[in-house]
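So the sequences go chain by chain: L and H. Residue numbering for the first sequence follows this note's numbering, beginning at 1 and increasing consecutively. Residue numbering for the second sequence follows this note's numbering, beginning at 1 and increasing consecutively.
Worth double-checking, as some hints may not be accurate.
[Said to hold, decoys possible] Which residues of chain L face chain H? A few of them, derived with a C-beta cut under 7 Å, are:
1) L127
2) I131
3) G146
4) I156
5) S159
Simulated from the structure, these hints should not be mistaken for laboratory data. Predicted, not measured: the structure shown is a model, and the values here were computed from it. From the three backbone atoms N, C-alpha and C, an ideal C-beta is built for every residue, glycine too.
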Amino acid sequence: MTIGGSMLLIIVPLMAAALTVLLRRSGTVSALLAIIVPLGLAVIALRFPLDEPQAILGRIVVLETGDRIAIAFLFMTASAIFLSVWRSSPGWAYYPVGLAILSLLAGALIIRPPLNEVYPSFVYSALFIAIASVLCVFPLQGGAPGRTSGVTRFIIVMSLALPALLLADWALGRLTQSPDSPDLTQATILLVAVSFTLLLAIFPFHTWVPAVSREAPPLSTAFALNILLGAVVILLLDVLNGVRLVGGDPRMLELLRGAGLIMVGLGAVLAWTQIDLGRLLAYGALADMGAILFAIGLASPAGLAAAFIMLIVRALSTGLMAMGMMLARERYGGDSFAKLRGLIWRLPWASLAIIAGGLSLAGLPPLAGFAGRWGLLQETSHFDLRATILLLASSVSVSIGVLRGLREMLQPIDEPANDKQRERRGEAILIVAALAVCLFIGLFPGVLAPSVRQFVAAYTFVGR
Amino acid sequence: MTDLVSVLSGLPATTVLIALVATAGLLVIVADWRLLNLLLGVQFLLIGALLIVSQIEGFPIELAIVKALVGVMTVPVLYISSRRARWGRDPDEEDEEDLGEPRPRFVWLRAPGLALRAIVALLGMAVALSLALRSPIQFLTPPAAARDITIAAFALISQGLMNLALNENPLKVGLGLLSVTAGFEVFYTPAEPTLVVVALLGIFNLLIALAMSYLIAAWAARPRGAA
Numbered sequence: 001m002t003i004g005g006s007m008l009l010i011i012v013p014l015m016a017a018a019l020t021v022l023l024r025r026s027g028t029v030s031a032l033l034a035i036i037v038p039l040g041l042a043v044i045a046l047r048f049p050l051d052e053p054q055a056i057l058g059r060i061v062v063l064e065t066g067d068r069i070a071i072a073f074l075f076m077t078a079s080a081i082f083l084s085v086w087r088s089s090p091g092w093a094y095y096p097v098g099l100a101i102l103s104l105l106a107g108a109l110i111i112r113p114p115l116n117e118v119y120p121s122f123v124y125s126a127l128f129i130a131i132a133s134v135l136c137v138f139p140l141q142g143g144a145p146g147r148t149s150g151v152t153r154f155i156i157v158m159s160l161a162l163p164a165l166l167l168a169d170w171a172l173g174r175l176t177q178s179p180d181s182p183d184l185t186q187a188t189i190l191l192v193a194v195s196f197t198l199l200l201a202i203f204p205f206h207t208w209v210p211a212v213s214r215e216a217p218p219l220s221t222a223f224a225l226n227i228l229l230g231a232v233v234i235l236l237l238d239v240l241n242g243v244r245l246v247g248g249d250p251r252m253l254e255l256l257r258g259a260g261l262i263m264v265g266l267g268a269v270l271a272w273t274q275i276d277l278g279r280l281l282a283y284g285a286l287a288d289m290g291a292i293l294f295a296i297g298l299a300s301p302a303g304l305a306a307a308f309i310m311l312i313v314r315a316l317s318t319g320l321m322a323m324g325m326m327l328a329r330e331r332y333g334g335d336s337f338a339k340l341r342g343l344i345w346r347l348p349w350a351s352l353a354i355i356a357g358g359l360s361l362a363g364l365p366p367l368a369g370f371a372g373r374w375g376l377l378q379e380t381s382h383f384d385l386r387a388t389i390l391l392l393a394s395s396v397s398v399s400i401g402v403l404r405g406l407r408e409m410l411q412p413i414d415e416p417a418n419d420k421q422r423e424r425r426g427e428a429i430l431i432v433a434a435l436a437v438c439l440f441i442g443l444f445p446g447v448l449a450p451s452v453r454q455f456v457a458a459y460t461f462v463g464r
Numbered sequence: 001m002t003d004l005v006s007v008l009s010g011l012p013a014t015t016v017l018i019a020l021v022a023t024a025g026l027l028v029i030v031a032d033w034r035l036l037n038l039l040l041g042v043q044f045l046l047i048g049a050l051l052i053v054s055q056i057e058g059f060p061i062e063l064a065i066v067k068a069l070v071g072v073m074t075v076p077v078l079y080i081s082s083r084r085a086r087w088g089r090d091p092d093e094e095d096e097e098d099l100g101e102p103r104p105r106f107v108w109l110r111a112p113g114l115a116l117r118a119i120v121a122l123l124g125m126a127v128a129l130s131l132a133l134r135s136p137i138q139f140l141t142p143p144a145a146a147r148d149i150t151i152a153a154f155a156l157i158s159q160g161l162m163n164l165a166l167n168e169n170p171l172k173v174g175l176g177l178l179s180v181t182a183g184f185e186v187f188y189t190p191a192e193p194t195l196v197v198v199a200l201l202g203i204f205n206l207l208i209a210l211a212m213s214y215l216i217a218a219w220a221a222r223p224r225g226a227a
């Protein structure tokens, strides 16, 4: 076994994780390592040909075009989150655990069955994703005494997905031996659907999202929502693409569209009623995930392009909102609307991050979130009026929630904030940079076009 | 090791199965954290024993031993954090104890919800047995092994789910998750007897124990009155 090529994407983050443990006394070096390594690997994945298959544990490691772009996106997002979390003293275990999760997720996406295997088994992907989910417990709990209910729900749902996913793979193996069995086909589709329902926090298994978002450090929530769930979405696409019996079955696509609309509806009904930013972020993210699933279920190039754009920009939107929330919680002890009163006069950049991130998550122009939503609305409005209305309603609902928060932030204050309560220069610079990117992508979404085209071309299940 | 395996092979499978089902039920009923840790270890040993005594065709005995050992390794992880969490007792409860008389020996028998937990465990077991007898796993041979493995898998999964549904404290939730996974593995390991998959499932189990142990520590540090 030689280590090189695509194997680097698994090995290097693990080595960096080990190094960050050794360097735990030097927080700055650990943080720099955690920021630079994923960023460097993302650039390597995009720039260099890593497509030579390599053998590992009886399987092959191969980086296909779709996964190359997806992994580069996941690694870049992780790097940005590590950068944002740097100054908030996340604890020495944050970086090693985060890097180990990245390594596992890369493994889940690029370790494939050997070429002579009779069916495209995803056993290793399932196991790696399950192990990564369990590791997510540590950053999500974040060391806060007594805050365990959200993360407990999270680990229950994510762990229950493993048996379902392994059973789906086992059923798929049997289906390959007798492809004409309608019962087995139905059972396989059902098992795949159940596993991804659990993994992607689809209703009724969504309850961990608001609970975690309220309790966990905001950037850890953003990590789970974007990196972990992002990898699960890519795995779903790989399964739809690789397993023709599943991806080519109209029932699977109908299930995806139905689940997506339920989540969009959930966001539309509940987002505007929330009274704290944590839950608002959660319902906004759930509605956004619904829109992504609906777009994938359309099985068209335009739908898949919209889904991928939404996947990228949701990291920016939730990350931006989480950065603002983190500062509000640190300085004012919470993110309920009551505690946000007058925040804009005390933490102007954090307030701007919350508002812009929230409105981008809602899909409003001219922010980044609008690019994907607009593409999806254009695709949907031709044939499904109800879905279009529901998508618009979820955008309006999340926007109302954000505006209710803004109303509290704009309340006058009696005494100005002291220096300790204000943003530091580094925090303000990070927020301004993220805001600039959010606005730039919203105004010029064409910059994403080359990656999106390559990504869509890699998935042949669309338009079958 | 060979002697142990030959002794185990002589045990009647039904006896091991009954012991396993009873242990799984007790994990739902019992509230004492010390006893729960012990029962978890016993459950994993019985799972290994069942896989050996069932004499499933084509299933290597070594995998059963590995499975039991990995399961048993989760017990110390949970035990240490349970002990640090003062066996799940509320800090306020401890203060009262310091002031008054010592706890009666069998207080856990009078713990709130005992009757409810017992009824739920029995109902769950009845549903599991009925499902297992209706649809035994067909690919395992001999048929007696298929029946035993199916009953064990359904019983462990049902009792694990009951623990997940009834509790919020991380130890019980962890036991529930480990039981569900163990129930699934009882069926899945003979179906997919690959060493790497068994090893990865073992890592998954150990990490669940580690994560739950971390959550137990955080739960125990909760502010007073938040129980």
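Exercise. Against the structure shown, which of the earlier numbered hints fail to hold, in ascending order?
Worked result: none
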